[in-house]
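For the protein sequence lines, the chains are A and B, in the order given. If you count the first sequence from 1, position 7 lands on 0 in our numbering, and the numbers rise without skipping. If you count the second sequence from 1, position 92 lands on 1275 in our numbering, and the numbers rise without skipping.
Be aware that a few hints might be false.
[What the hints assert, rightly or not] Derived DEER-like restraints, expressed as beta-carbon distance ranges:
| hint | chain 1 | residue 1 | chain 2 | residue 2 | range |
| --- | --- | --- | --- | --- | --- |
| 1 | A | D207 | B | L1477 | 31 to 37 Å |
| 2 | A | S240 | B | I1378 | 26 to 32 Å |
| 3 | B | I1378 | A | G83 | 25 to 31 Å |
| 4 | A | E170 | B | L1276 | 52 to 58 Å |
| 5 | B | I1202 | A | E170 | 28 to 34 Å |
| 6 | A | R73 | B | L1495 | 52 to 58 Å |
FYI, nobody ran anything at the bench for these hints, they're computed from the structure. Glycine is no exception: its CB is placed at the ideal position from the N, C-alpha and C atoms.
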Amino acid sequence: MAEPSNMAEPSNMAEPSNMAEPSNMADVILECRGVNKAYGAVRAVNDVSLELRAGEVLGLVGPNGAGKTTLVDLIGGEQRPDSGAITALGRPLAGAPSRRARVNGLARTFQHPQVALDLTARENMLVGLAGPSLATLSGQLRELAAGIVGAGSRIERDAARGEVERVAAALGLKDIERECRELTLGELRLVEVGRALLTRPALMLLDEPFAGSDAHGVAGIRSAIAEILRNGCGVILVDHNVDIVASLAHRIALLNLGAKVFDGDPKACLASPEMQAVYFGEREAA
Amino acid sequence: MRQGGSAWVEPIVTLALAIAAMAAVHGSPYLEAVALLTCTYAFIALGMYLPFIMGGALSMAYNAYLGVGAYALALIAGRSDWDLAWSLPIGMLIAAATAVLLGFATRRLSGFYLAAVTLLFGIAFTTWLVDAESVTGGSGGLQGLRVPVFAGRPLSNSTLVMLTILAVWIVALALSRLRNSPFGVAVRARRRAAIAVESCGIPVSTLTLVSLGLGAAVSSVGGSLFAVANHAILPESFAVDLVFLCIFMPLLGGQDRPWGAVLGAILVVTFTFQLTFFKETGSLFFSLAVLLVLVIAPRGVLGYVLIGLQKLWKGTRGGETRHG
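Here chain A stands alone, though its shape is the one from the complex:
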């Protein structure tokens, strides 16, 4: 996590032109090779291969049912691929439970925000900070004992240094002592992003982070992406809003009916016949 002085304010929206170019091919942090996933007769992900380099934003776009969220779930470990290989930081991920994915440096947000509504925004984000310490049985017993006797654990020391507040400020999330049931959908998405950031990820999967967000929320998530890139991490950005994705991504992978039909420069993707065909049909593309 960068020092607070390095964190961008939400108002300093990170434009693609300001973003550093991703590093060379040797820094591939995520690789999918021939990944398949079917639900009965429906092939949700069909022989998809892609890779992500450190410091790169890969936009994943496509219409409803294209297989974007399924692919993110496969990468995140929530689902198991039928075949194919997924490696993160050189370690195989396919079939791993979601926390294995996290141990391998992945953090994610969800299409429908997964936030405990009866907890405060601060407490929800604290779970991200606590993740590494509570990843093992011995760590949990240590934190249990520290919690009972009131001794300050490593998580509490980090929290006392204002880690949660710093990330919240960087995202433009105010008054984090509010219960999450009082937050807007956009704010809930920021809480999710903040929680994921606090796990200190090498790769972030953002599943439709802009859905339901107002301008403030969009600015916060743009800041979060800039922050992730500054730390040399990679981002997979899934969203229906192709314009926003194109403005942030270094590269776009276009999915349709589970298959990857385009992978390349965002401007080239927007102008490609594949994009026209996917969104407007073959006749218009012709």
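Based on the hints, put chain B in the right spot on chain A.
Just chain B now, with coordinates in the frame of chain A:
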């Protein structure tokens, strides 16, 4: 997380209440017996607080954990020369191990199915207590337990009551601290957003097993206490209807803090055993009270008392500010 100076308010206020309770029952054998019963219930309710109220994992086998604590003490008292104090850690360890094994076996279950399987375990445990006559004394139980020794002298009932109230205060305070610690926050987050907790690298199944183990250990202390207070135990004392009574204690008292579980235990004992005009219908009145609380005051009695106090505090501060 701890909130600076205000962190001292809770232990001081609750300790003052515990001392007041000790003073109120001291010298009256009847009130001391009521206090011991209340504390026994409070231990079960506190044992449920971490896994059930905080973590949402409903196990119905708490009668078994209570029984483990009671029989551990009774067996040590009747069949060994060991100090009875050993029965506490031994009972806690066996109860925790039982809960972890049961939790591991049912780790893929949740909701109704988890409740049903653990309920069956609780029923099987009471049946086993009757059947295993050579170990448990069968349906006649274990009688005539020796009196524990404290500070070189036989433990008097008054001293037992004082120590027990103090123990309830310590356990409730420890759980209150735990609730706000990172571990407690993760357990509470697991209840509503398990997938998110898992995605942060925290194994939710391990978190649940640790919670169930600790909860069972706390409940077993209530069983040991029950055996000491009664000098005898019977299998029927650990029937599953006890669990139904205890599930609702934190709901009635207040879910926001472990002290709600203690308050719930006090209310249950008062309604079911104390109020003479509810003598025959105490349990029915308790059921109606739970229903009313869940419908109109889901935060429980303590939750609304604290909200009222907060409003009063803010009103006072606001008045000071305006006058200032």
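Going through the hints against the structure:
As the Cβ distance of D207 of chain A to L1477 of chain B is approximately 36 Å, the hint placing it in 31 to 37 Å holds. Between S240 of chain A and I1378 of chain B the CB atoms are about 30 Å apart, so this pair conforms to the stated range of 26 to 32 Å. The beta-carbon spacing between I1378 of chain B and G83 of chain A, approximately 26 Å, falls within the hinted interval of 25 to 31 Å. The given range of 52 to 58 Å is broken by E170 of chain A and L1276 of chain B, whose C-beta atoms sit roughly 39 Å from each other.
Checked against the hint of 28 to 34 Å, the pair I1202 of chain B and E170 of chain A passes, with Cβ atoms roughly 33 Å apart. Under the hint 52 to 58 Å, the C-beta atoms of R73 of chain A and L1495 of chain B, about 55 Å apart, fit the expected range.
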